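Participant: Sequence:
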Amino acid sequence: MVLPLGQVEYNTMTVIQIKVPVGAPRQKKARPLFLEVLSRSLIILCTALAIVLSSIAVCDGHWLLAGGGRMFGLWHFCTLEAVVERTVSPNCTTHLGVSGVAVGLGLCRSMVSLAVVGAIFGLELLVISQVSEDRDSGRRWGLGSALVLVAAALSAGGVVVFVSLLRQQASPLGFTLTFWCQFTAVFLLFLNGMAARHIHHMALQAPPRGRLGKC
Numbered sequence: 011m012v013l014p015l016g017q018v019e020y021n022t023m024t025v026i027q028i029k030v031p032v033g034a035p036r037q038k039k040a041r042p043l044f045l046e047v048l049s050r051s052l053i054i055l056c057t058a059l060a061i062v063l064s065s066i067a068v069c070d071g072h073w074l075l076a077g078g079g080r081m082f083g084l085w086h087f088c089t090l091e092a093v094v095e096r097t098v099s100p101n102c103t104t105h106l107g108v109s110g111v112a113v114g115l116g117l118c119r120s121m122v123s124l125a126v127v128g129a130i131f132g133l134e135l136l137v138i139s140q141v142s143e144d145r146d147s148g149r150r151w152g153l154g155s156a157l158v159l160v161a162a163a164l165s166a167g168g169v170v171v172f173v174s175l176l177r178q179q180a181s182p183l184g185f186t187l188t189f190w191c192q193f194t195a196v197f198l199l200f201l202n203g204m205a206a207r208h209i210h211h212m213a214l215q216a217p218p219r220g221r222l223g224k225c
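Take the sequence shown: its letters are residues 11 to 225, numbered as in the numbering used here.
Simulated from the structure, these hints should not be mistaken for lab results.
A few of these clues could be false.
[Said to hold, decoys possible] Listed next, with one range per pair, are the computed distances between beta-carbon atoms: (1) W190 with L45: 25 to 33 Å; (2) A112 with V47: 46 to 54 Å; (3) P182 with V141: 18 to 26 Å; (4) G79 with L55: 38 to 46 Å; (5) R177 with M212: 17 to 25 Å; (6) L124 with M212: 25 to 33 Å; (7) L48 with T103: 43 to 51 Å.
The model shown is predicted, which means the values in this text are computed figures rather than measured ones.
Every residue, glycine too, gets a C-beta built ideally from N, C-alpha and C.
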């Protein structure tokens, strides 16, 4: 049967409209949610580990063992004296007898102590941002990452001040385990703070429908 020309055009347009709906939304590729959750969890875990290491280093305070049985720390200056065979008794004092060192060590103590406090508050904000689901969670994550970076800067400053003050007595083998704990904590705080800031900037630049997590 031969159809009129007008009816053929109408049927063709109807078929095109059925096959290609007007205004059909395009499907967007889903983002890897598992990798995002894993990254955030690792950042929080490593930040907590850095706080533990830095707290141990600050509370112990004995960072340098110099020649002659002398031990320099954040809180005390000790001289190791042999009392009995194979028995050593530390004789500690807060007076170093060197001008300017006491003031520098006071500054060092303040910096590393404030670094631990700032890192604790930063970690708390990072955890709360993942627990809550309100619109301010992204702001909390950004503020927490900034506090972690500030803590890293303060910790690094404290380590630099300590090494600069006692550079004449310092040697690579003279630094104690607690000093290397603080040194490791500085790198952990810096790396995790930078990673957290990077995730925050990615979330801000992402479109509304493809946001990363809760940021």
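Participant: Taking the hints in turn, state whether each one holds.
Facilitator: Verification of the hints:
1. For the pair W190 and L45, the beta carbons lie near 32 Å from each other, so the given range of 25 to 33 Å is met.
2. Judged by the Cβ atoms, the range 46 to 54 Å given for A112 and V47 holds: they are separated by roughly 48 Å.
3. One distance hint, 18 to 26 Å for the beta-carbon pair P182 and V141, is violated here, with the actual separation near 43 Å.
4. Against the hinted window of 38 to 46 Å, the Cβ-Cβ separation of G79 and L55 comes to about 39 Å, which satisfies the hint.
5. A hinted range of 17 to 25 Å is violated for the C-beta pair R177 and M212, which are about 41 Å apart.
6. Checked against the hint of 25 to 33 Å, the pair L124 and M212 passes, with Cβ atoms roughly 29 Å apart.
7. The hint said 43 to 51 Å for the Cβ distance between L48 and T103, and at roughly 49 Å that hint holds.
Hints 3, 5 from the list above are not met by this structure, while the remaining hints are.
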